[in-house]
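*Asks:* Residues per chain, in single letters:
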Amino acid sequence: MDFTFSPEHQALRRMIREFAETEIAPVAAELDREHKVPFEIMRKLGEIGLLGVCFPQEYGGMGAGETGYCILMEELGRVCANTAVNVGAHIGIGAMCIHLDGTPEQKRKYLTPLARGEKIAAFGLTESNAGSDAANVRTRAVRQGDSWVLNGSKVYITNGGYADIVTVLAVTDPALGARGGITAFIVETDSPGFKVAREEDKMGIRGSSTAELVFEEVRVPHENVLGKVGEGFVTFMKSLDMGRLTLGAACLGGAQQLLEQCVYWAKTRRQFGEALAHKQAVQWMIANMATEMEALRSLVYRVAWLVDTGQPFTQLAAMCKLYGSEVLSRAVDMAVQIHGGLGLSRDFPIERTFRDARINEIFEGTNEIQRIVIASNIFREFGVRIRP
Amino acid sequence: MDFALSEEQRMFRDMFRNFAAKEVAPRAEEIDHAETLPKEMLRKAVDQGFLGATIPEDYYGAALDNLSYILLLENLATACASMAVTVAAHVGQVAMSILDFGTDAQKEEWLPALAGGEAVGAFALSEPEAGSDMLALETRARYERDEIVLDGIKSWVTNGELAGLFLVFAQGPQGIDAYLIPRDTPGLTVGYREPTLGLRSAYFNTVYLEGCRIPQSYRLGGPGEGAAIAARAVDRMAVALAAVGLGLAESSLDVAAQYSTERVQFGVPIGKKQAMQNYIADAYIETEALRYLVYRTAWLIDQGEDFSVDASVTKAFGARVARSVTNRMLQVLGGYGFMEDYPMARKYRDARVLGIIGGPTEIHIFRVARHILAQKDLEIVPWHQ
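Chain order of the listed sequences is R and G.
Counting in this note's numbering, the first sequence runs from -2 upward without gaps.
Counting in this note's numbering, the second sequence runs from 26 upward without gaps.
In case anyone wonders, no lab produced these hints; they're calculated from the structure.
Quick caveat: nothing in here was measured; it's all calculated off a predicted structure.
Please note that the accuracy of each hint is not assured.
Here are the computed distance ranges between Cβ atoms for each label pair [as the list claims (entries may be wrong)]: (1) R:Glu271 x G:Gln328: 38 to 44 angstroms; (2) G:Asp83 x R:Arg195: 55 to 61 angstroms; (3) G:Asn43 x R:Glu378: 55 to 61 angstroms.
No farther apart than 30 angstroms at their CA atoms in a straight line, the calculated lysine-lysine pairs in the DSS-like style are these [as the list claims (entries may be wrong)]: (4) R:Lys192 x R:Lys225; (5) G:Lys47 x G:Lys64; (6) G:Lys297 x R:Lys235; (7) G:Lys297 x G:Lys401; (8) R:Lys235 x G:Lys298; (9) G:Lys47 x G:Lys132.
Computed footprint of chain G on chain R, listed as stretches where at least three residues anywhere in the stretch have a Cβ under 8 angstroms from a Cβ of chain G [unchecked claim]: (10) 225 to 234; (11) 334 to 340.
Where a beta carbon is used, it is the ideal one built from N, C-alpha and C, also for glycine.
Please model the complete structure; the sequences and the hints are all you need to start from.
*Replies:* Printed below as a string of structure tokens:
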């Protein structure tokens, strides 16, 4: 066993931290307040290679593996949930399915510009009646000669409002459903018939785009079928596994930042003639936060190691997402309490984190879905097949 | 024991519920987004007599008993927690302090004006360095012949921007004093409004007192009686905020339970899933426990009993239940729960504020522990020993 990061990963973390502190942290509050998507930050992240952190070098990536990607998400989550969400949707799910199941030609054409940040990706899975029940998608794709024609709509698509490329799940054979009847497509958003129908007004992550996408007779060439016809659901679920792991990493960064802020405030703020640090109620909160954060850290990087060494990790990735989001939610609840009135004020970062954090228990598969994934995996080992 | 509301209380409750659903709820999102309590909304509350809820008829109030007043706050909060908190600070903290501690002249001067909404009352106790440590006040009151001169900064003054009358606490020569200061008094300035996570249509302002010169007749209660006045007002607000938490919890449960019957996933309404049933049942169990705790404490006040420990028990539990119920009900709504065009995100934000304002939960927990341990002859203080 060896729990140390390689020198390369340590150097990567230093580089990301410096970028995050100088380029992202100073604008994080403004992104939230002005509802601004950090295009400029995304462009710069692409320029220095970070949007291809886990993709192979031959496709413009950095080749730093899943561990490198988790380091990126942890460091982004530490300073700005919005940037983490934008990057997570771009790399972790949008581009990831091209990385996982794309042909060499598709990777050259699409993954390379995505890895360099020249283009931005979104992941088109959720529909108004296919949320937790992801297999219930209704967007339809019909073969016409050398192309497919897509009709339908997707909701709550992160990066949807400005993505250049959307990976879309659509029904190709209604009779087969999720077992052979759903196919993944790479759709360029300048295709005729593609429309951004709506931007959501959210409680948190307000510096990210969450959009409704409409497909009206959108024609997609057959070479843009991602993976095999009928096997799109599997491709998408594999991408989600990756996304769930790194969502846990982003939550880890968020919790780390909160802990630092709480320790600072507990040292500084005096009531009843002494610093809050001397209150046992505050000490307990700090101790609980730190304990959970360390448990999360071990889980996240262990799963990253499983991915990088080619071992199965679906169940543990679900745990990363579930546990990470809950650790962050508990941490931010305690952080609000320790900061008192300051924790409620939009002039200080704790309030923003409180609103941003809550989505992690919902998106990329609600925590209820993660529990179903974990329980199904465990029961399957004992010969019990459970249905959601 | 009798747990039933009287016929009159039931009638009031139905009236409040009706008002909240018809007049307030349809505009609650808009009010929250605009971060203002519209004047016509306040006017409607005045017309209904809400701003004079517990003020006696002699002073043109509605003369409600305390339990009915709590039913008012609960029901307003089902639609708009900001409005309920505004009414609670005005009635429970300012008007009731005058009724309990004021001279006849002060009552004559202020209670009809407060009941009629000509003046909204603001409560100015907290300071930048006196939050949890409520009475560590740095605002000073100097007595100069017949006059008193106040200097200091008050923070998180509830209703600050709306107010015509400020109930201000300051360190006087014989301890903490309370003062009734009209808005237009030279030396009193309403400053920065806190941009809050929740309760965004309520007003929490910084108020500056710079050589604010007032006659001695503005003092509420005797010299040094301010601590007792503040304590009672804080206790009343604690119960009121628990009632706001109750309104938030029950309305969240209502929204989520309804949604669980309509939202179909995996071929069934999600209400058929055991996980959702557990969330909903737990929310109901906690809400009902809170309901009877709030009502009991309100009833205690009506009996004229001491209720200071009960107020803390109620506030701590109320903030906790509001937080946990809104959190789980938001989860039932999934992505919709996170969107600001549905009421759940607002209720979730509003509920979190209840754990901080009116004394953070830690302070109320301390007061409960102090009470329990005193019965075992152990005296405790809120600093390190």
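*Asks:* All the hints need checking, so say for each whether the structure fits it.
*Replies:* These are the hints, each one checked on the structure:
| no. | hint | in the structure |
| --- | --- | --- |
| 1 | R:Glu271 x G:Gln328: 38 to 44 angstroms | holds (39 angstroms) |
| 2 | G:Asp83 x R:Arg195: 55 to 61 angstroms | holds (56 angstroms) |
| 3 | G:Asn43 x R:Glu378: 55 to 61 angstroms | holds (56 angstroms) |
| 4 | R:Lys192 x R:Lys225 | holds (26 angstroms) |
| 5 | G:Lys47 x G:Lys64 | holds (17 angstroms) |
| 6 | G:Lys297 x R:Lys235 | holds (28 angstroms) |
| 7 | G:Lys297 x G:Lys401 | violated (49 angstroms) |
| 8 | R:Lys235 x G:Lys298 | holds (26 angstroms) |
| 9 | G:Lys47 x G:Lys132 | violated (34 angstroms) |
| 10 | 225 to 234 | violated (count 0) |
| 11 | 334 to 340 | holds (count 4) |
Consistency with the previously given hints fails for numbers 7, 9 and 10, ordered from lowest to highest.
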